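Using the sequences and the accompanying hints, generate a full structural model.
Listed below, chain by chain, are the residues.
Number of protein chains: 2
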Amino acid sequence: MTFTCTSTSPIVETAAGKIRGFCLNGTYTFQGIRYATAKRFHDPVSVEPWEGVKDALAYGYIAPLMSEGIPHDEKLIPHRFWPESEDCLYLNVWSRQLDSSARKPVMVWIHGGGFSSGSSIEQLAYEGGSLAEYGDVVVVSVNHRLNILGYLDLSAYGAEYENSGCAGIADLVEALKWVKTNIAAFGGDPDNVTVFGQSGGGGKIQVLLQTPAAEGLFHKAILQSGVIDFGPNPTPDGHRKMVAAIIDKLGISADNISALETVPFKQLVDAYNEVAPALRSEGIDVGWSPMPGKYYLGDARNVGFCDFAKSIPCIVGSMIGEFAVVSLPPKKDEMDEQARRDAVAAMYGDSADEIIAEYKKAYPGRNIVDLLVLDTRFRRPNIDFLDKRLAATDTPAYCYLFALDFPIDDGRPAWHGAEIPFAFHNTDIIPICGIPGVAERLEKQVCTAWTNFARTGDPNCAELPEWSVYGADRATMVFDRECEVRRNFDSRLVELVAKASPARPSFPV
Amino acid sequence: MTFTCTSTSPIVETAAGKIRGFCLNGTYTFQGIRYATAKRFHDPVSVEPWEGVKDALAYGYIAPLMSEGIPHDEKLIPHRFWPESEDCLYLNVWSRQLDSSARKPVMVWIHGGGFSSGSSIEQLAYEGGSLAEYGDVVVVSVNHRLNILGYLDLSAYGAEYENSGCAGIADLVEALKWVKTNIAAFGGDPDNVTVFGQSGGGGKIQVLLQTPAAEGLFHKAILQSGVIDFGPNPTPDGHRKMVAAIIDKLGISADNISALETVPFKQLVDAYNEVAPALRSEGIDVGWSPMPGKYYLGDARNVGFCDFAKSIPCIVGSMIGEFAVVSLPPKKDEMDEQARRDAVAAMYGDSADEIIAEYKKAYPGRNIVDLLVLDTRFRRPNIDFLDKRLAATDTPAYCYLFALDFPIDDGRPAWHGAEIPFAFHNTDIIPICGIPGVAERLEKQVCTAWTNFARTGDPNCAELPEWSVYGADRATMVFDRECEVRRNFDSRLVELVAKASPARPSFPV
Numbered sequence: 001m002t003f004t005c006t007s008t009s010p011i012v013e014t015a016a017g018k019i020r021g022f023c024l025n026g027t028y029t030f031q032g033i034r035y036a037t038a039k040r041f042h043d044p045v046s047v048e049p050w051e052g053v054k055d056a057l058a059y060g061y062i063a064p065l066m067s068e069g070i071p072h073d074e075k076l077i078p079h080r081f082w083p084e085s086e087d088c089l090y091l092n093v094w095s096r097q098l099d100s101s102a103r104k105p106v107m108v109w110i111h112g113g114g115f116s117s118g119s120s121i122e123q124l125a126y127e128g129g130s131l132a133e134y135g136d137v138v139v140v141s142v143n144h145r146l147n148i149l150g151y152l153d154l155s156a157y158g159a160e161y162e163n164s165g166c167a168g169i170a171d172l173v174e175a176l177k178w179v180k181t182n183i184a185a186f187g188g189d190p191d192n193v194t195v196f197g198q199s200g201g202g203g204k205i206q207v208l209l210q211t212p213a214a215e216g217l218f219h220k221a222i223l224q225s226g227v228i229d230f231g232p233n234p235t236p237d238g239h240r241k242m243v244a245a246i247i248d249k250l251g252i253s254a255d256n257i258s259a260l261e262t263v264p265f266k267q268l269v270d271a272y273n274e275v276a277p278a279l280r281s282e283g284i285d286v287g288w289s290p291m292p293g294k295y296y297l298g299d300a301r302n303v304g305f306c307d308f309a310k311s312i313p314c315i316v317g318s319m320i321g322e323f324a325v326v327s328l329p330p331k332k333d334e335m336d337e338q339a340r341r342d343a344v345a346a347m348y349g350d351s352a353d354e355i356i357a358e359y360k361k362a363y364p365g366r367n368i369v370d371l372l373v374l375d376t377r378f379r380r381p382n383i384d385f386l387d388k389r390l391a392a393t394d395t396p397a398y399c400y401l402f403a404l405d406f407p408i409d410d411g412r413p414a415w416h417g418a419e420i421p422f423a424f425h426n427t428d429i430i431p432i433c434g435i436p437g438v439a440e441r442l443e444k445q446v447c448t449a450w451t452n453f454a455r456t457g458d459p460n461c462a463e464l465p466e467w468s469v470y471g472a473d474r475a476t477m478v479f480d481r482e483c484e485v486r487r488n489f490d491s492r493l494v495e496l497v498a499k500a501s502p503a504r505p506s507f508p509v
Numbered sequence: 001m002t003f004t005c006t007s008t009s010p011i012v013e014t015a016a017g018k019i020r021g022f023c024l025n026g027t028y029t030f031q032g033i034r035y036a037t038a039k040r041f042h043d044p045v046s047v048e049p050w051e052g053v054k055d056a057l058a059y060g061y062i063a064p065l066m067s068e069g070i071p072h073d074e075k076l077i078p079h080r081f082w083p084e085s086e087d088c089l090y091l092n093v094w095s096r097q098l099d100s101s102a103r104k105p106v107m108v109w110i111h112g113g114g115f116s117s118g119s120s121i122e123q124l125a126y127e128g129g130s131l132a133e134y135g136d137v138v139v140v141s142v143n144h145r146l147n148i149l150g151y152l153d154l155s156a157y158g159a160e161y162e163n164s165g166c167a168g169i170a171d172l173v174e175a176l177k178w179v180k181t182n183i184a185a186f187g188g189d190p191d192n193v194t195v196f197g198q199s200g201g202g203g204k205i206q207v208l209l210q211t212p213a214a215e216g217l218f219h220k221a222i223l224q225s226g227v228i229d230f231g232p233n234p235t236p237d238g239h240r241k242m243v244a245a246i247i248d249k250l251g252i253s254a255d256n257i258s259a260l261e262t263v264p265f266k267q268l269v270d271a272y273n274e275v276a277p278a279l280r281s282e283g284i285d286v287g288w289s290p291m292p293g294k295y296y297l298g299d300a301r302n303v304g305f306c307d308f309a310k311s312i313p314c315i316v317g318s319m320i321g322e323f324a325v326v327s328l329p330p331k332k333d334e335m336d337e338q339a340r341r342d343a344v345a346a347m348y349g350d351s352a353d354e355i356i357a358e359y360k361k362a363y364p365g366r367n368i369v370d371l372l373v374l375d376t377r378f379r380r381p382n383i384d385f386l387d388k389r390l391a392a393t394d395t396p397a398y399c400y401l402f403a404l405d406f407p408i409d410d411g412r413p414a415w416h417g418a419e420i421p422f423a424f425h426n427t428d429i430i431p432i433c434g435i436p437g438v439a440e441r442l443e444k445q446v447c448t449a450w451t452n453f454a455r456t457g458d459p460n461c462a463e464l465p466e467w468s469v470y471g472a473d474r475a476t477m478v479f480d481r482e483c484e485v486r487r488n489f490d491s492r493l494v495e496l497v498a499k500a501s502p503a504r505p506s507f508p509v
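Chains as they are written, first to last, in this note's numbering: chain A, 1 to 509; chain B, 1 to 509.
The reader is advised that the hints may include incorrect statements.
Copies of the same chain look alike in the list, so a pair counts if it works inside one copy or between any two.
Straight-line distance between alpha carbons at most 16 angstroms, and here's what the computed EDC-like set of lysine to aspartate or glutamate pairs gives [said to hold, decoys possible]:
(1) 294 x 482
(2) 266 x 68
(3) 180 x 484
(4) 39 x 86
(5) 444 x 480
(6) 18 x 99
(7) 360 x 99
(8) 266 x 86
(9) 54 x 74
(10) 54 x 409
(11) 54 x 73
(12) 360 x 337
(13) 249 x 274
It is worth saying that the hints were derived from the structure and are not from the lab.
Treat the numbers as computed from the prediction; the structure is a model and nothing was measured.
Dropping the structure here:
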């Protein structure tokens, strides 16, 4: 291992000033680069120029979260907690070359956690150095405003708050502008930028694809478990009621609305938590997501695909297990056929036989007990999104389903986020990916596909069987111990399971 | 990499019940084992027995901290932040064998952060797996109460609070009892337990050595940068004034003192922060450390060495740079002799020549500019402690000084905590330890010495020149690119520097 960080190197000159990072085993790393500042509820503004050299040697503050962290599921997803502050508009860069002629593909990671939580470093698997090295790409990850700070729409209270309902998205647009302006100095190609993200990160990419201000700032998109039916989007009326209730609770009036900019964050959260239950019981959506309107046009599946987005190639996929958190019976592989069928019937009742028959066609060789956790919440909207996109544009899209079993609890099908270490080429630092003879190969397949796609718009590579463009055949790359493209293989299964398990427990997104 | 965690393995039966961990590359790991519970300000009590199997797959909550985290100095010391809760009495175990006949030496890590902050997982270098494997030892790390929750002495308010001024130490004693009772089931030898800790962790070990309740619970001790002049210890009078001011601020009276047990932690902290400045200006110590008395006898250098402690072999050491945070001039190795002397003279004035002459004798070949950060705050009390201990007992002690330069800012002498990755055999996960041809060798030297000491009470090993027992010669192992035992080599230098730099800026401890 070789570390260098001298008084003169590595230093990069950005448009606003010089920054110093460090070099680890040949990968230049810059952590906590401030890309903008923002007054609460206002648009971000680019950073003021500075003299001298600023250190970029520590990840920046993450956006304030509305609930306290709880250590849980650390083996499924190892987390990194980090100090929070409204001063949170920071990004990180990893690159193998600091030379503006290098023009490597740029991959910008947009983190998950819905639109309300997470950070660019929330998961250990988000470290970008290994991906930068393996894929010879420049990796960027970015913090931006979340939850009540990112999506409280105060537009009714004054023109200066016009875009407050999309502030978190405006931060991402500002970050992408920073990338366009500065990434060449880090060896990246500003004309070849891929945004990739998982869960809420994919959701934010869906939003960026419907945000005209983002046109020209990215050129390809990977949505990992990011297309989902979010339930009722915020409606202007319902959201306005919520805002009114919050400011009322805080004793702030409409003609004194700027007081909301200085209320301590904790008080803002308390006020929200006090008014939310009653609103929720009225059927009002009190969740956080961008307000559709002039800035963000709304879900493409409802309002149509934004023009510029039609020429953006996409990868869209999901996991075989996702958020289905049902406990699997122990030693599922030692159960006999009848015991397996009984377990499935206990969940799916009369539909069990039909579902099992479909499952055996869709997944020959797989244990039918895994039906207990088969995802439909992501797979259905993914297909819906891709079908509608197919009708709107000829620009290629590629679909995947990540179906690996992991060595915990006698074999657990891939859950929400289980693919991230593979995409980041980080399986060696995530213990649960310790599957000898399997993880390394699959990581090579996923990561090569991702970086080839970033390079050329086509994920095909020697490591994988041919990955056909998504078409009427609903071609889907199934990532597993053996990877394979399947066509029209699970639509009926997914419909049957979704219909038979309306009450199956599941995490909220 | 191989990970296993099935429904049946690895499971260990503790006195209170079964727990399941995981196995990574042959190292069994149990995270977040609850070893006790405690009502606020009361002694810890051992855990209630349970049925079935509890998972120990995620680190437990860390103790509540009185100030918010700030990302800083991440290259010098990579941190892990983690959720906080008063429900924090958790420990972690790493072992290569789960077999009660294995009886491997046990090393219990006690974290730093004074008596007021930190956690068993605060630093990335605290991961115990690599040490367990390299040294074939069982590693334990432990959370315990800190700051106002660990050391507020309410004994004046009722017998049930008798030991509240030492609650954090009582937690450690309880954890060591848990180790004594349970560690054999994890492959450890309950009759061969070494406590090791850095900074406040070493300070807590000093305290444990003066705590009769800890007798028989550990057998060897390593104090890394842990012996320091803490300034005024809490005095019963001053501390009592502080307690009175806090409860007064909270509107709690002496006859209603139990209300203090349910005040939200944040309010407790706010009350302390409001009353502390005035008390401090009266000269009252408002810091956190255990109240000397019946439970903790007080600093051995003042009250004499506790009987049982006299038979505990020790390693005691410090760093060449420690908390001296002066910036070094850039390119210090390219400066000519005169420029170097000028830099030293700017700090030490008239004493500079004498100091430089002493330095050249003590550290031939080392850049005199490093005098700007030469530690005296730890080295002096280390020598004082060892001298007094030598007068009190023949049980061997070994002294070290860690003097490596690191590749940041054109070469920075080892700071407070820089040795931790070496002791834990974790230099490969701490970027700044990336010094090819140096770090790996030095890590082997330090880690072999530490684990040999844990095994036998003697750190000597083939990797190092002979490490003499500390005696009148003040024999000190200097860990550096070349390791060497030096005798009576720096006492005069340390005195001169301490005298000439009373106002040199330094972190508070």
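Evaluation of the provided hints:
In this assembly of identical chains, the alpha carbons of residue 294 and residue 482 never lie at most 16 angstroms apart, being 45 angstroms within a copy and 67 angstroms across copies at closest. Taking the shortest Cα distances, residue 266 and residue 68 sit within 16 angstroms of each other both inside one copy (11 angstroms) and across copies (14 angstroms). In this assembly of identical chains, the alpha carbons of residue 180 and residue 484 never lie at most 16 angstroms apart, being 36 angstroms within a copy and 54 angstroms across copies at closest. Taking identical chains as interchangeable, the C-alpha atoms of residue 39 and residue 86 lie at most 16 angstroms apart only when both belong to the same chain, with a minimum of 9 angstroms there against 35 angstroms between chains.
Taking CA atoms no more than 16 angstroms apart as the test, residue 444 paired with residue 480 passes inside one copy only; the shortest distance there is 12 angstroms, against 40 angstroms between copies. For a Cα distance limit of 16 angstroms, the shortest separation of residue 18 from residue 99 inside one copy, 15 angstroms, qualifies, whereas the shortest one across copies, 56 angstroms, does not. In this homomeric assembly, residue 360 and residue 99 never come within 16 angstroms of each other (Cα to Cα): the closest approach is 53 angstroms inside a single copy and 43 angstroms across copies. Within a single copy, residue 266 and residue 86 get their C-alpha atoms as close as 12 angstroms, which meets the 16 angstroms cut-off; across copies the closest is 20 angstroms, which misses it.
Proximity of residue 54 to residue 74 under the C-alpha cut-off of 16 angstroms is restricted to the inter-copy arrangement: shortest distance 15 angstroms between copies versus 34 angstroms within a copy. Only between protomers do residue 54 and residue 409 lie at most 16 angstroms apart by alpha-carbon distance; the minimum there is 13 angstroms, versus 47 angstroms within a single protomer. Proximity of residue 54 and residue 73 under a CA criterion of 16 angstroms is satisfied inter-copy only: 14 angstroms between copies versus 37 angstroms inside one chain copy. When the C-alpha separation of residue 360 and residue 337 is checked against a cutoff of 16 angstroms, the pair qualifies only within one copy, where the shortest distance is 13 angstroms, while the shortest distance between copies is 80 angstroms.
Taking the shortest Cα distances, residue 249 and residue 274 sit within 16 angstroms of each other inside one copy (8 angstroms), while across copies they are farther apart (28 angstroms).
Of the numbered hints listed earlier, those contradicted by the structure are 1, 3 and 7.
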